[in-house]
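S.K.: Work out the full structure: start from the sequences and follow the hints.
Each chain, letter by letter, is given below.
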Amino acid sequence: MARVVVDVMLKPEILDPQGQAIASALPRLGVTGVASVRVGKRIEIEFAGEPDLAQAQQIADKLLANPVIEDFTIRVEPVAGTVA
Amino acid sequence: MSGVTVGVVTFPGSLDDRDAVRAVQRSGATAIRLWHADPSLHGVDAVILPGGFSYGDYLRCGAIARFAPVMESIADAARGGMPVLGICNGFQILCEAHLLPGALVRNQHLHFRNRDQRLRIESLSSAWTNSFAGEQQIVIPVKNGEGRFVADEQTLDRLEAEDQVVARYIGGNPNGSMRDIAGIRNEAGNVVGLMPHPEHAVDALTGPSLDGLGFFGSVLRHVANARARAGAAR
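As you go down the protein sequences, you meet chains X and G in turn.
Sequential numbering of the first sequence, starting at 50, is according to this note's numbering.
Sequential numbering of the second sequence, starting at 336, is according to this note's numbering.
Simulated from the structure, these hints should not be mistaken for laboratory data.
Check each hint, because a few of them may be wrong.
Listed below are the simulated BS3-like cross-link pairs for lysine-lysine, each with C-alpha atoms no more than 30 Å apart in a straight line [what the hints assert, rightly or not]:
| # | chain 1 | residue 1 | chain 2 | residue 2 |
| --- | --- | --- | --- | --- |
| 1 | X | 90 | X | 60 |
| 2 | G | 478 | X | 111 |
| 3 | X | 111 | X | 90 |
| 4 | X | 60 | G | 478 |
| 5 | X | 90 | G | 478 |
Footprint (simulated), chain G over chain X, 3 or more residues, beta carbon under 8 Å [to be verified]:
| # | segment |
| --- | --- |
| 6 | 62 to 73 |
| 7 | 103 to 117 |
Just so you know, these numbers come straight off a predicted model, no measurement behind them.
Positions of the beta carbon are idealized from the N, C-alpha and C atoms, including for glycine.
M.R.: So this is what it looks like as structure tokens:
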């Protein structure tokens with residue numbers, strides 16, 4: 050089993066009010082000095098056999114991320130308990 | 336009856352499909368219920384994608400509905416000139432399907448907004464707004480959590496220059512939408528996306544006005560004009 054991890058983030062120029070809400074809560078925890086927080090999504094895709102990066106790229110581009118507002122990165126991650 | 340049929344799609348999680356059907360009937364057209372899993376459009380003259388939370392709004396609003404079997408037929412028909420109106424979640428689906436530019440994201444203040452909203456109709460050159468008066472002000476309900484229209488500056492400039500902004504919020508922007516945009520149309524004018532809900536403003540008993548009828552009356556006129564042109568060409 051192999052896992053492909055897709056990270057989806059709002060593009061830098063797109064306002065992220067969720068991140069702002071989190072950042073504004075941090076002083077209540079006594080945390081200061083945080084300049085900015087942004088929220089994204091992590092999606093794990095497990096292939097039955099070898100990880101198909103080309104297919105993962107297609108999935109991410111067509112469905113997981115909206116290229117108008119989001120960027121994504123793809124990487125293969127070893128699954129715990131299996132031999133890489 | 337006008338002899339015009341308007342299809343209203345039901346996705347899993349659609350909420351406003353029944354109100355859209357009633358609005359179509361009130362305007363004098365025949366409403367045909369369309370099902371997300373059935374690719375047939377059953378010969379309708381126009382299609383409405385209603386509000387709601389299709390597929391639970393999972394991933395992104397409209398992202399999964401875009402791949403429903405009925406959407407392929409609607410995208411083909413829209414490219415061929417068939418009028419399509421996406422209301423709220425329907426607007427999100429049209430953007431996800433790249434039938435309209437831009438995207439709808441979380442409201443700037445993170446609150447769900449539900450209120451009667453004043454709008455200015457900015458463009459009469461669409462299949463769904465041709466019956467309004469220029470710069471007419473209307474009041475219809477708005478209710479969304481992810482209704483903030485965003486696009487890059489170049490796209491926004493183009494939308495304004497090409498008369499593709501069909502409606503703008505006035506008297507307060509409910510969601511932080513860029514340039515107060517409440518609705519846009521495609522280049523051809525047959526596809527319109529609208530965040531507020533005209534289908535909830537067609538009855539004095541339940542709505543803040545009857546202003547919503549203007550959108551449905553417009554498409555009747557659009558279809559009738561297209562038929563007259565086709566008849567004259569014969």
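S.K.: Against each hint, give a clear statement of whether it holds in the structure.
M.R.: Results of checking the hints against the structure:
no.: 1; hint: 90/X x 60/X; result: holds, 13 Å
no.: 2; hint: 478/G x 111/X; result: holds, 28 Å
no.: 3; hint: 111/X x 90/X; result: holds, 16 Å
no.: 4; hint: 60/X x 478/G; result: holds, 26 Å
no.: 5; hint: 90/X x 478/G; result: holds, 25 Å
no.: 6; hint: 62 to 73; result: holds (count 6)
no.: 7; hint: 103 to 117; result: holds (count 4)
Violated hints: none; the structure is consistent with every hint.
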